[in-house]
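Here is what each chain is made of, one letter per residue.
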Amino acid sequence: MTQPTTTLLAPPPPVVSGDPGTARVVLSRFLRHRLAVASLIVLLLLAVCCFGAAWIAPYPHNAQNLLSASQPPSGAHWLGTDSLGRDYLSEMFYAGQLSLAIGLGVALLATLVGTAAGAVAGYLGGWPDEVIMRVADLFLIVPPVAVLAVSLQGLGPSPLTIVVVLSSLGWTLIARVVRARVIQLRHQEFVEAARVIGASGPRIVVRHLLPNLTGLIVVNVSLSVATAIILESTVSFLGYGVQPPRSSWGNMLTQAAGLIGTSQAYLLYVPGLAILVTVLAVNFLGDGLRDALDPQGRQ
Amino acid sequence: MGPVTEDSGATAAPLLSVRDLSVSYRTDAGPVAALDRLSFDLHAGETLSIVGESGSGKSAASLALMGLLPRNATASGSVRFRGRELLDLSDRELREVRGRRIAMVFQDALAALNPMMTVGAQLAEAVSVHDPSVSRAALRERAVELLDLVGIPDARTRAGQYPHELSGGMRQRVMIATGIANEPDVLIADEPTTALDVTVQAQVLDVLARVQDRTKSAILLITHDLGVVAGLADRVLVLYCGRKMEEAPVEPLFYEPAHPYTRGLLAALPRIDRSTRRLAQIAGQLPSPNERPPGCPFQNRCPHTDERCAESPPPVPVGEGHTAACVRVHEIASVTP
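Read top to bottom, the protein sequences are chains A and B.
Every letter in the first sequence is one number past the one before it in the working numbering, and letter 236, counting from 1, is 236.
Every letter in the second sequence is one number past the one before it in the working numbering, and letter 319, counting from 1, is 319.
Keep in mind the hints are simulated off the structure, nothing from the lab.
For each residue, glycine too, the CB sits at the ideal point set by N, CA and C.
Heads up, some of the hints might be wrong.
Some chain B residues flagged as far from chain A (calculated, every beta-carbon gap over 12 Å) [claimed, not checked]:
(1) Ser24
(2) Ser78
(3) Arg84
(4) Ala103
(5) Asp108
(6) Ala109
(7) Pro115
(8) Ser128
(9) Val200
(10) Ala202
(11) Tyr255
(12) Ile282
(13) Gln285
(14) Pro287
(15) Ile332
One side only, chain B facing chain A, incomplete, derived with CB under 8 Å [what the hints assert, rightly or not]:
(16) Leu69
(17) Asn72
(18) Thr74
(19) Arg95
(20) Arg100
(21) Ala111
(22) Ala112
(23) Glu141
(24) Tyr162
(25) Leu166
(26) Leu266
Just need the whole structure built from these sequences, with the hints factored in.
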C-alpha cells in the first residue's frame, strides 16, 4: 500500500521520449543543476575521506608524537600537527566521521518524527492537533543549548544520545511546516477526490499528501543536517558534546580555540571550513533534489 | 431517452432513494439550512439532473450522498442506496460504497487530480483501493483501457503523464475515467463542464453519455447550466433555496414549465431565435439563508404571489412524473411566463 505509485507505470514504453516521473528524468533534471552536482561530489569526497580514514588518512587516529608537536604545514603533515603532535589532516578526517554521522542521523530522525507528527496533526485537526502542537511548543520555548548541556550531562554524551537529544529539539520545526502545508492541502479537491474513490485516511496521508510534501521534506532534511552539525559543534565546543578521545569537528574547534593569538591559530579554520563546506554543500544538494523531484519543474 | 430499466426486470425499486434529506451548517450566526427536506428517486441507468443557482443546495446534496459533508454540517432524513441506509454507515462502511458503488466527477479537474501522481497511477489507485489483489500489469492495462474509453488518444503515453501536461478537456475526461473505474451504479457529476470551453463541454458531455451506455450507470448531474441539462438529462429537479421547486421529465420541463421559478429561469435564457434587446431576468434577489421567508421561498420574487404562499407548498402533480411545489400552479398554468 505504501509503494510509490510513480513507479507503477514504469518502465515507460520505449517509444516514448521525455516521459517524466521516471528515475531517468529525475536524474537528468538533477544533473542539470550544476551547483547541486558539485555539492554532491564534494560531499561524497568528504564522506569517503572521513569514513575511509582508516585507509586514506596519512596517520592513524590519535597517533601522538610529541617530538613533532605544533608543527606548521609541511610535506609530512599537510595541515601541520597539533600540540600533541597529531597529524591535523588525519584528525579532521576521523572527526568528520562523528560529525557527519550525527548530522545525518539527526536530520533523518527529526524529519521522520516531525513529518509524522505534523502530518497527523494537520490531517486530523481537533484535539490530536492541539496535543501535538502544544508538545511542540514546549520544545520550542526551552533554550536549546542549555537543554542540550543539561540533558547530555544527565544521559551521558554518547553519540547516540547526542542524536536523540538534538532530534528531540529539531522535530518541532518540520512538524510546524508540514502541519501548515497539510492543512492547506487537506482542503484541496484532489484530497476530497481521493476520499471519493474510497481511500482511507492513512492512505490519503501517505499516498496523496506526503508526495506533495517531497520538496518541503527534502529541503528540511538538508537544513536539519546543517543545523545538527552546527549544534553538535556548539555543544562539543562547550564541552558537553563529543568527549575526547572521540573527536568531532566541534571538539576540534574547542581544542584549537586555545590557540587563538598564537602562530597556530589557523588550526581553527580546518574544522571550521569543514563544517562550512559541508553545511553549504548539503543545502545546495537539497535545492537540487527538490527541483529534480518536482514533476512540474522545468523540463 | 427515457429511464432505462435494468435487464433483471427490477423496475420498481429505485437505485437511490432520498427522502426528506435536510442539511444544515452550524455557523456563528446560527444554523443555516442548505437543503430542506429534499426527496427524489434515482433509477438504474437514468440521468437525473439537479439544477439550481449557487446556494440552492446542489452541492450540499451531493456531499451528503457521498458522506463527505464538512464537520460543521449535519444531515437528517434518509438516503437509501439499494435499500441500504447511507446516512447511518460508518466511515469504514462508506469507503466500500464510495468510488465503487457511487462515484463522483468534480468540476475542476486540475484541482481534483493529484499533481504529484501520473494520470495512470491515479486511475490505478481508484481500482486498487477497492481490490488490492489486482496485479500491477492488470492495473496498467485497466488504466489505459479507461483512458481509451473516455476518448483520450494515445492512451498508453498519456497514462504516464501528469495532470498539468494534459489539456482541460482531457483532464475532465480523466476525471470521468476515474469516476467509472469500478463501473459504479451511480455517478455524481458535479458541474462537470463548468470549467471548460463550450466546444470542449460538448465533447465531455458526449463522453459522459457514451460511458453511461457502456457502464449502465445512473448519472446524477448537478449543474446550473440548462443547456447541459437539455443535452444529457432524462429527468430534472429544480432546486431553489434548498427546496425542490419542480421535478419533471426533461421535455415537459423545457416545454411546459409549471413553477413560476422554473418559468423565470427558462425565460432568462438567452435565445438565438428570438430578437429581444434585453435579457429577461427574475426580479429581486436570492434571499440569504437566514432571511428566507416562511412558506414558499420564492414568494418575494414571484409575480403570482398571494396570501397562500406564506405556507409551505406541497408538491402538486401537474403531469406524468411532473410535480411543482406551488399552490397556484393550476391557476397560473394559462398565463404565459
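Numbers of the earlier hints that this structure fails to satisfy, in rising order: 4, 5, 6, 7, 8, 16, 17, 18, 23, 25 and 26
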